[in-house]
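Letter by letter, the chains look like this.
2 protein chains.
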Amino acid sequence: MSLVDGLIRELQRLPGVGPKSARRMAYHLLVRDRDGAFELATIMKRAADEVGHCSLCRNLTEKELCDICASHKRNRQQLCVVESSADVQAIESAAEYQGTYFVLMGHLSPLDGVGPEELGIELLEQRFQSGDVTELILATNATLEGNVTAQYIASLAEPAGISVTRIAHGVPMGGELEFVDGHTLRAAFTSRREFD
Amino acid sequence: MSLVDGLIRELQRLPGVGPKSARRMAYHLLVRDRDGAFELATIMKRAADEVGHCSLCRNLTEKELCDICASHKRNRQQLCVVESSADVQAIESAAEYQGTYFVLMGHLSPLDGVGPEELGIELLEQRFQSGDVTELILATNATLEGNVTAQYIASLAEPAGISVTRIAHGVPMGGELEFVDGHTLRAAFTSRREFD
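Taken in sequence, the protein lines are chains D and E. Going left to right, the first sequence walks through residues 0 to 195 as numbering that gives the first Met the number 0 numbers them. Going left to right, the second sequence walks through residues 0 to 195 as numbering that gives the first Met the number 0 numbers them.
These are computed hints drawn from the structure, not numbers from a lab. Misleading hints may appear alongside valid ones.
Since the list gives no way to pick out one identical chain from another, each pair is judged satisfied if it fits inside one copy or across any two copies.
[As the list claims (entries may be wrong)] With a straight-line cut-off of 16 Å between C-alpha atoms, the simulated EDC-like cross-links for lysine to aspartate or glutamate are: (1) Lys72 x Glu91; (2) Lys62 x Glu49; (3) Lys19 x Glu91; (4) Lys44 x Glu9.
This is chain D alone, in the form it adopts within the complex (with noise of 0.2 Å):
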């Protein structure tokens, strides 16, 4: 096989690249931006070699701790549980949130081989006992394995005397209603509150 079809081959493993795309982006760094494909590459095989796991929160990092656990500014009293570094990247650039979090990087999956072991528990055990938290916020996902997660987590905090809270579900700021679906509309409804 020629290094470009190994190119258009290996590209294909990123999510979201067929065939096509992955022929149309060798060729553009090999005809077009053969500089860029170096500097891609070296900082793929640093990343690759380099990146680890936050000792505080379980977030990719290359260094000790994570950019959010080594600042001075942010609130260790509240703890946000997320499922993925991609949940944490979208609650910094939307929400106020100044407190810390906790990346699960993944979610309870029995069948799965997925449990509490593999979501780092051990540590955010030991986030709970040495009395930093006061509010645990769970942010995991609205799916079934999300909501289990969330449970079990609760049930783990809550000895502790440690307040816990859910992200509230319902119908998306500026989404009309005939078009939320009807698991969503009935969870607003059930999660209604007085208004003011």
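Use these hints to put chain E onto chain D, whose structure you have.
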């Protein structure tokens, strides 16, 4: 900037990849496919390093001659001129063409500083002079630049006694007339031919 953020930034060099998909790709590689990231980075670096142009047709290859030019099964009397490696790929996977190619790696565009020299026209003229080529098939794009480029190349081939053809333009097979743009429809009427 962290390595993860650096990787996300560099991935956006790829055509069609914005911040969101770059982030998804980076997390996928780092969380779920670390070995794949190594392999992709390795082949990308090798390709950026070693891939050059075929000395006969200018197509991308890490060898002196590309697989098509090196093959004894291809008909050297037919020479098809295309704008890019992607065009070669498209023709190879679609048509039963058994001739050889010449890849311009662009089209004439004086305003962008792309003249005959940048397109390797000298190399193409050597093929014309060699006497091997009896039919030149112009398969540059059906754009203004592609047509101008085709005309220019035809003007060089004809004095060498080479028969020059242009691939047909018209209504795509399976295409419905009402959805075909007017420009294409006019071309299809102009190029109409005896029904058999």
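So, going through the hints one by one against the coordinates:
no. : hint          : verdict
1   : Lys72 x Glu91 : within (14 Å within a copy, 59 Å between copies)
2   : Lys62 x Glu49 : within (9 Å within a copy, 34 Å between copies)
3   : Lys19 x Glu91 : between (34 Å within a copy, 14 Å between copies)
4   : Lys44 x Glu9  : both (14 Å within a copy, 12 Å between copies)
Going through the hint list in order, the structure satisfies each hint without exception.
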